[in-house]
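Position chain Y relative to chain X; hints supplied.
Number of protein chains: 2
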Amino acid sequence: MTQAVNVALIGCGVVGTGTARILLEHAERLTRRAGRAIALKRVVVRNADKLRDGVSASLIATDIEAAVHDPTIDVVVELIGGTTTARRVVLDSLAAGKHVVTANKALLAEHGPELFEAARKAGRVVCFEAAVAGGVPIIRALAESLAANQVTAIQGILNGTSNFILTAMTDAGLSYEAALKEAQRLGYAEADPTLDVDGSDAAHKLAVLAQIAFGVTAKPRDIEKQGIDGIDAMDIRFADELGYTIKLLAEAWTQGDKVALHVAPVLLRHTDMLAQVRGAYNAIQLVGDVVGETLYQGPGAGMMPTASSVVSDLIDIAVGRAQATFAAAKLWSAEDRGGYVIAPSEKVRSRFYLRLIVRDQPGVLADVCRLLAEEGISISSVIQHEAIPADSAALPLVIMTHAAETGRFRRAVRAVDRLPSLAAAAVHYSVDD
Amino acid sequence: MTQAVNVALIGCGVVGTGTARILLEHAERLTRRAGRAIALKRVVVRNADKLRDGVSASLIATDIEAAVHDPTIDVVVELIGGTTTARRVVLDSLAAGKHVVTANKALLAEHGPELFEAARKAGRVVCFEAAVAGGVPIIRALAESLAANQVTAIQGILNGTSNFILTAMTDAGLSYEAALKEAQRLGYAEADPTLDVDGSDAAHKLAVLAQIAFGVTAKPRDIEKQGIDGIDAMDIRFADELGYTIKLLAEAWTQGDKVALHVAPVLLRHTDMLAQVRGAYNAIQLVGDVVGETLYQGPGAGMMPTASSVVSDLIDIAVGRAQATFAAAKLWSAEDRGGYVIAPSEKVRSRFYLRLIVRDQPGVLADVCRLLAEEGISISSVIQHEAIPADSAALPLVIMTHAAETGRFRRAVRAVDRLPSLAAAAVHYSVDD
Chain X
1 MTQAVNVALI
11 GCGVVGTGTA
21 RILLEHAERL
31 TRRAGRAIAL
41 KRVVVRNADK
51 LRDGVSASLI
61 ATDIEAAVHD
71 PTIDVVVELI
81 GGTTTARRVV
91 LDSLAAGKHV
101 VTANKALLAE
111 HGPELFEAAR
121 KAGRVVCFEA
131 AVAGGVPIIR
141 ALAESLAANQ
151 VTAIQGILNG
161 TSNFILTAMT
171 DAGLSYEAAL
181 KEAQRLGYAE
191 ADPTLDVDGS
201 DAAHKLAVLA
211 QIAFGVTAKP
221 RDIEKQGIDG
231 IDAMDIRFAD
241 ELGYTIKLLA
251 EAWTQGDKVA
261 LHVAPVLLRH
271 TDMLAQVRGA
281 YNAIQLVGDV
291 VGETLYQGPG
301 AGMMPTASSV
311 VSDLIDIAVG
321 RAQATFAAAK
331 LWSAEDRGGY
341 VIAPSEKVRS
351 RFYLRLIVRD
361 QPGVLADVCR
371 LLAEEGISIS
381 SVIQHEAIPA
391 DSAALPLVIM
401 THAAETGRFR
411 RAVRAVDRLP
421 SLAAAAVHYS
431 VDD
Chain Y
1 MTQAVNVALI
11 GCGVVGTGTA
21 RILLEHAERL
31 TRRAGRAIAL
41 KRVVVRNADK
51 LRDGVSASLI
61 ATDIEAAVHD
71 PTIDVVVELI
81 GGTTTARRVV
91 LDSLAAGKHV
101 VTANKALLAE
111 HGPELFEAAR
121 KAGRVVCFEA
131 AVAGGVPIIR
141 ALAESLAANQ
151 VTAIQGILNG
161 TSNFILTAMT
171 DAGLSYEAAL
181 KEAQRLGYAE
191 ADPTLDVDGS
201 DAAHKLAVLA
211 QIAFGVTAKP
221 RDIEKQGIDG
231 IDAMDIRFAD
241 ELGYTIKLLA
251 EAWTQGDKVA
261 LHVAPVLLRH
271 TDMLAQVRGA
281 YNAIQLVGDV
291 VGETLYQGPG
301 AGMMPTASSV
311 VSDLIDIAVG
321 RAQATFAAAK
331 LWSAEDRGGY
341 VIAPSEKVRS
351 RFYLRLIVRD
361 QPGVLADVCR
371 LLAEEGISIS
381 SVIQHEAIPA
391 DSAALPLVIM
401 THAAETGRFR
411 RAVRAVDRLP
421 SLAAAAVHYS
431 VDD
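Residue numbers (our numbering), protein chains in the order written: chain X, 1 to 433; chain Y, 1 to 433.
Okay, chain X solo, but in the shape it has when bound (with noise of 0.2 angstroms):
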């Protein structure tokens, strides 16, 4: 039998304690799958004394650099999480000959050009399932399995936490607030949730997703985003009541040698599969120019679904799946790989649900409508719904719009928004039949 690959665990947190329990629970298993040991030979954590459950405390080490440069490790695999850190331990791994594995996303998303470019100079390999959705194996659905294709669409569910809060509020009727709290009191979101509710975190993922399918490299701040904070559970009913739900999707399409990108709540018909997934699960859609469309879906995070991915990498690299796959991908290069760029969505086409709070008088809807038509867009449907509360003198009016462009449709609310007759600014969200 082929040698040992020997692992550097560097960081023990959540993932990090299942990856190790993998190693160390199911050692026989990955040999017969990886066809030599996978061998954990340290874990290198912040506090020493801490325990970790199942972990053996001879393998606990604090030194990064002990373990970075230690002539024995083959693979490092980077769950600390941050850009500062772990960008420098990623470089340090590579430039010492390591392979790498990491299920860093603001990593990737942010320094994935000069991560890349220090593993091929190095001749080794940086692995990255783990980095979106958890245990849905999206990355080699999209670099292996979807080979032949030009991806034309992706549309993801990618923050479990945003879901479970989005699938709270419309299963219970709860308010974002309430919903926020009930996914807090069960581990499904941090004490400070900003960044999985204000879409920063569905933006780093689908940045990485993008990279493989398009070639481009989109940095954050080039993905609009909108997040899922604050959303009023005045509009999941009113979205229910028309037939829809809505969920928080990461979407990039494609329009000749253009892809937009963002991030945003949008109106998804109740029987479409994305529509359907519920809790903190996360799926993804990907529409193949030969295949049509294919969904993947599963745990978009936890302790054992992220560390099976994170297993299934280090699976890949001892078997030299890995290796090859790599090579042949060439990610964050300067290879032309399909000659996308990145453009802004405006030009994008959509059905819009707009939903204004009105003063109760006369000639409101036909100002809405007629500024609507002055961009163009027409109105597939009105409804006026009774106040809330039932004495207010405002009410709430929704309307679904045809296909539009979305730049038009921006400017018409903009100046609806301007209306005297309007009691709060426009709600609006793109609608996907």
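If you are wondering where the hints come from, they were derived from the structure by calculation, not from laboratory data. Relax, there's no trap hidden among the hints.
Some residues of chain Y that are not near chain X, with every Cβ distance over 10 angstroms (derived): (1) 220; (2) 235; (3) 381; (4) 383; (5) 389; (6) 403; (7) 424; (8) 427.
If you anchor each label on the Cβ, the simulated ranges turn out as follows: (9) Y/31 <-> X/3: 32 to 42 angstroms; (10) Y/185 <-> X/271: 15 to 25 angstroms; (11) X/69 <-> Y/153: 35 to 45 angstroms.
Over the 12 angstroms line for every Cβ pair with chain Y, so calculated as not near, a few chain X residues: (12) 52; (13) 62; (14) 174; (15) 234; (16) 345; (17) 380; (18) 405.
The structure presented is a predicted model; accordingly, all values stated were derived computationally and were not measured. Every residue, glycine too, gets a C-beta built ideally from N, C-alpha and C.
Quick look at chain Y alone, frame taken from chain X:
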């Protein structure tokens, strides 16, 4: 650049034509993805005079032997189907030093051990992503993405024809016969649909998945199967009223070191992701002991989706990934890959749907309940439906049981079937909650 990979297609029906089209129309893309050209050198057909959409006449040949022994060919793609000539083509190709790509599940299910032994001896690979679930990359998911896991359950909608028919019966209230006619009219069912609707096709595919997931070599005859042929619209409707959708599922469960395999119509809750899979789509849910539940969905058949999978295998061979996977996976070998043995479904516990047509006379329900109780089966609900037609003296009686051992439930049903008050044989399906 490394030299081209030269490909011979044997068989140019629907999938062959799709494969040729991708290779010819997207040559530049494939070269980019594989790091070398994938060149279609020969297309072997029975009738050289038949026109093939987009395939130049200069590529067409009729001599299989010549193609298989052509020293310039690197990969033979077997797409003729059946298990006689196809087996010969694969064995001869391997012996001649060619890699093989096939979409032939029947061939793998019947002759897997012989073919894979021959491949190992020749130092070549057999790839077969297209053999199960068309465009859904389920082979890679099982063999690579979930490699850190022991899969503990598989539930798959693996036959698009059956799923199309069941969807049409459910949505449009069609009879089995009318839904089959519609499927034939739209090209989703063949003139003789037997192998699709009797569960044989799904059983072949399940045998292939079971080999990867459990290391068991299940001959199709080892797999209990019940198809959808003749399924009664009444049962679709009754299931719907109870909150369930009937799907033809190929299933595998492990219990200790045993694995039970079967194909049968199953009642799934409307909210189950597999229940939402409509029309000719395929979907597979895999449960891994580390990752939990993951789901894969896409077009299960058709020219371009299946060809997409064939070409992804060609790219894997060109990149060298297929060779790494093949060596590590040890499929259809004597190697112990988990110690599983195939067990009959008798011990599998499940809830059951039991529908009887009983003569409208006192004591029938008491008799049925007693016979179920004698096998230790408790009843969760009973619904006595109106007579069909309304003036008939026979009434449908639907019983949902609590979880029971399959063997004991079947024994009870045999006893029920002997009751003189039964107007027709009992119909029963398992229920997945």
